[in-house]
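*Asks:* According to this note's numbering, the sequence shown is numbered sequentially starting from 289.
Hints are not guaranteed to be accurate.
For each label pair, taking beta carbons as the anchor points, the in silico distance ranges come out as [unchecked claim]:
{"hint": "1", "residue 1": "Asp329", "residue 2": "Asp357", "range": "17 to 27 Å"}
{"hint": "2", "residue 1": "Ser322", "residue 2": "Thr486", "range": "36 to 46 Å"}
{"hint": "3", "residue 1": "Ala446", "residue 2": "Met335", "range": "43 to 53 Å"}
{"hint": "4", "residue 1": "Leu342", "residue 2": "Ala380", "range": "42 to 52 Å"}
{"hint": "5", "residue 1": "Asp455", "residue 2": "Pro494", "range": "12 to 22 Å"}
{"hint": "6", "residue 1": "Ala305", "residue 2": "Ala380", "range": "34 to 44 Å"}
Worth flagging that the hints you see were computed from the coordinates, not collected in a lab.
Backbone N, C-alpha and C define an ideal beta-carbon position, used for all residues, glycine too.
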Amino acid sequence: MSKQPLGALGSALVPSALATRLEAHPDAQRAFRSARHAFIDGGRVDMQALASSLGVDRTSLFRWVGNRDQLLSEILWSLAVPTLDAAGRAAAPSGAARIVDVLDHFTADLIRAPYFRAFLTREPARALRLLTTTDSDVQRRFVAVVSTLVATEQESGAFDPAPLSPDELGRLLVRVSESFTYADLISGDTPNPERARTTFEYILRPVR
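Start from the sequences, fold in the hints, and give me the full structure.
*Replies:* Shown next, in the form of structure tokens:
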């Protein structure tokens, strides 16, 4: 497997209905950009306000971008894409060290992103549902990325995930990432990127 940009890999492996519409419909793209901009600014994405700002009714908006959860999920993944791509570029070239670095950079960036923390604080129950459940496009894409990353290193001979399969290890590593990223919501602890990296290293045991 080639080491293509990780964010694009997740989008390709787990396409969504909204992503398909965004590729084909300028109106959907316009609505999505407006909502994404509001989200990055730390605001709540409100469907009625978004429809009004675009000069359309809610029915048209829903036809373009789906319901609010679908729109938020696509926004969240669109912001994860450049973060994953940057993590891939900054990571070690191969082996367990590469997997640790990608997870470390990605988890730390999420913990420190102001717009992301604002969303978790503003809508904690919705955030956990959209980000950490098996029905979530965001989690399914993240698992696909990490599982493929593990499989790529296995196929190159740089890393052996045994006794787990790449998919099993990928799911485990994503759960570890989530437990640190959303520690304040899950257990009341302070999210700690340094402890997250220590845990990834403990599981994967990279040779430096």
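*Asks:* For each hint, tell me whether it holds in the structure or not.
*Replies:* Right, here's what the structure says about each hint:
| no. | hint | result |
| --- | --- | --- |
| 1 | Asp329 / Asp357: 17 to 27 Å | holds, 20 Å |
| 2 | Ser322 / Thr486: 36 to 46 Å | holds, 40 Å |
| 3 | Ala446 / Met335: 43 to 53 Å | holds, 46 Å |
| 4 | Leu342 / Ala380: 42 to 52 Å | holds, 44 Å |
| 5 | Asp455 / Pro494: 12 to 22 Å | holds, 21 Å |
| 6 | Ala305 / Ala380: 34 to 44 Å | holds, 36 Å |
Comparing the model with each earlier hint shows no violations; every hint is respected.
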